[in-house]
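Asks: From just these sequences and the hints, can you work out the full model?
2 protein chains.
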Amino acid sequence: MAIKEGLRPGGRSARVQESVHSAVRQLLQEQERTSVTVPQIAARAGVTPSTIYRRWGDLAALLADVALARMRPDSEPANTGSLRGDLRAWAEQYLDEMSSEPGRNMMRDVQCSQTPGYCVTILGGQLQVILDRYQGSGQALPSVDRLINLLAAPTVFRILFATEPMQIEELHELIEIALQP
Amino acid sequence: MAIKEGLRPGGRSARVQESVHSAVRQLLQEQERTSVTVPQIAARAGVTPSTIYRRWGDLAALLADVALARMRPDSEPANTGSLRGDLRAWAEQYLDEMSSEPGRNMMRDVQCSQTPGYCVTILGGQLQVILDRYQGSGQALPSVDRLINLLAAPTVFRILFATEPMQIEELHELIEIALQP
Numbered sequence: 185m186a187i188k189e190g191l192r193p194g195g196r197s198a199r200v201q202e203s204v205h206s207a208v209r210q211l212l213q214e215q216e217r218t219s220v221t222v223p224q225i226a227a228r229a230g231v232t233p234s235t236i237y238r239r240w241g242d243l244a245a246l247l248a249d250v251a252l253a254r255m256r257p258d259s260e261p262a263n264t265g266s267l268r269g270d271l272r273a274w275a276e277q278y279l280d281e282m283s284s285e286p287g288r289n290m291m292r293d294v295q296c297s298q299t300p301g302y303c304v305t306i307l308g309g310q311l312q313v314i315l316d317r318y319q320g321s322g323q324a325l326p327s328v329d330r331l332i333n334l335l336a337a338p339t340v341f342r343i344l345f346a347t348e349p350m351q352i353e354e355l356h357e358l359i360e361i362a363l364q365p
Numbered sequence: 185m186a187i188k189e190g191l192r193p194g195g196r197s198a199r200v201q202e203s204v205h206s207a208v209r210q211l212l213q214e215q216e217r218t219s220v221t222v223p224q225i226a227a228r229a230g231v232t233p234s235t236i237y238r239r240w241g242d243l244a245a246l247l248a249d250v251a252l253a254r255m256r257p258d259s260e261p262a263n264t265g266s267l268r269g270d271l272r273a274w275a276e277q278y279l280d281e282m283s284s285e286p287g288r289n290m291m292r293d294v295q296c297s298q299t300p301g302y303c304v305t306i307l308g309g310q311l312q313v314i315l316d317r318y319q320g321s322g323q324a325l326p327s328v329d330r331l332i333n334l335l336a337a338p339t340v341f342r343i344l345f346a347t348e349p350m351q352i353e354e355l356h357e358l359i360e361i362a363l364q365p
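For the record, the sequence lines run as chains G and R.
When you line the first sequence up against the numbering used here, it's residues 185 to 365, in that order.
When you line the second sequence up against the numbering used here, it's residues 185 to 365, in that order.
I should point out that these hints are in silico values taken from the structure, not numbers from a laboratory.
Hints may contain errors.
Said to hold, decoys possible - Label pairs and their in silico Cβ distance ranges: (1) H356/G <-> G301/R: 33 to 43 Å; (2) P286/R <-> G230/G: 19 to 29 Å; (3) R268/G <-> S203/R: 49 to 59 Å; (4) G241/R <-> T221/G: 22 to 32 Å; (5) G269/G <-> S203/R: 51 to 61 Å; (6) P286/R <-> S284/G: 23 to 33 Å; (7) G230/G <-> A198/R: 51 to 61 Å; (8) H356/G <-> L315/R: 22 to 32 Å; (9) D242/R <-> Q213/G: 24 to 34 Å.
Stated by the list, open to error - A partial selection of chain R residues facing chain G, derived with a Cβ cut-off under 8 Å: (10) Y278; (11) A324; (12) N333; (13) P349.
Beta carbons: idealized from backbone N, C-alpha and C, even for Gly.
Replies: Following this line, the structure appears as structure tokens:
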């Protein structure tokens with residue numbers, strides 16, 4: 185339910201979404217996330233609380249929607265001229281972002297959402313952009329699933345469940361494994 | 185803080201822990217987890233709420249401690265006679281357990297704990313038991329970290345963030361990758 189499809193861009197519905205998202209982002213900067221409430225967000229966004237409940241269901245779903253929207257990258261993955269270089273740049277940035285406080289909060293919010301699978305869809309889209317650059321180059325390309333399993337999964341798993349974060353050297357080793365035919 | 189070290193097994197402290205853990209397990213079977221409270225647990229366990237707060241800090245930390253205790257396996261990983269076979273048996277059981285409702289709740293609770301890293305310590309211990317069986321067998325053995333990155337991480341990541349669960353065939357492919365020298 186987080187993102188309704190078929191909305192006219194710039195229509196009333198899109199404007200409501202933008203103003204509610206923006207209110208959430210502002211409030212999260214101003215105060216503790218546990219103290220943010222739906223009526224507060226509604227007041228800031230200039231909508232009624234029932235608009236929010238109708239569209240997002242509850243606060244957890246709304247926070248997750250905002251977190252997912254933040255995940256959509258502003259720009260294409262860096263183009264370094266080689267597949268290995270592009271994957272290194274992408275994986276290092278992903279590790280940085282997910283290790284940060286906003287990244288950790290985002291992972292928590294996304295797990296509470298009703299569409300956590302959207303996360304892998306976004307990651308897959310970014311990785312596909314990288315792979316598409318090297319189609320027809322003659323080199324064997326890994327699948328998107330392989331890259332998600334071997335790069336994104338260990339990065340996130342280590343942040344969530346281990347005492348030691350992933351080191352850059354380890355990330356580079358995983359990229360070499362992923363690139364093996 | 186979840187687990188204090190140096191406790192005499194069977195001492196007063198160990199008995200308090202066992203009775204509080206047991207009260208939590210009972211209550212989680214009887215009612216919604218969101219409705220379980222510290223005073224309720226204390227009453228069931230025959231201790232005061234302040235005993236619980238002093239020892240665990242808060243309800244989230246206590247639930248996480250119980251979840252981690254559940255993770256400690258009752259028995260050694262299955263011994264099938266080959267490294268590949270042992271890893272398959274272990275990984276398939278891990279996928280099953282983590283995909284289940286109790287497994288998902290456990291992952292959520294562990295993330296709220298102050299010692300989520302204990303999770304990887306437990307996994308590492310199980311995998312080391314398997315590897316120790318094949319030391320000196322002449323075959324190249326993967327490291328525990330490699331097995332965690334290539335088997336445990338994708339299994340959990342897919343459960344938490346993807347729409348499609350890991351398929352057994354995919355798990356077997358990851359085991360082949362992990363076994364490559």
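Asks: Report the numbers of all earlier hints that the structure fails to satisfy, in ascending order.
Replies: 1, 2, 10, 11 and 13
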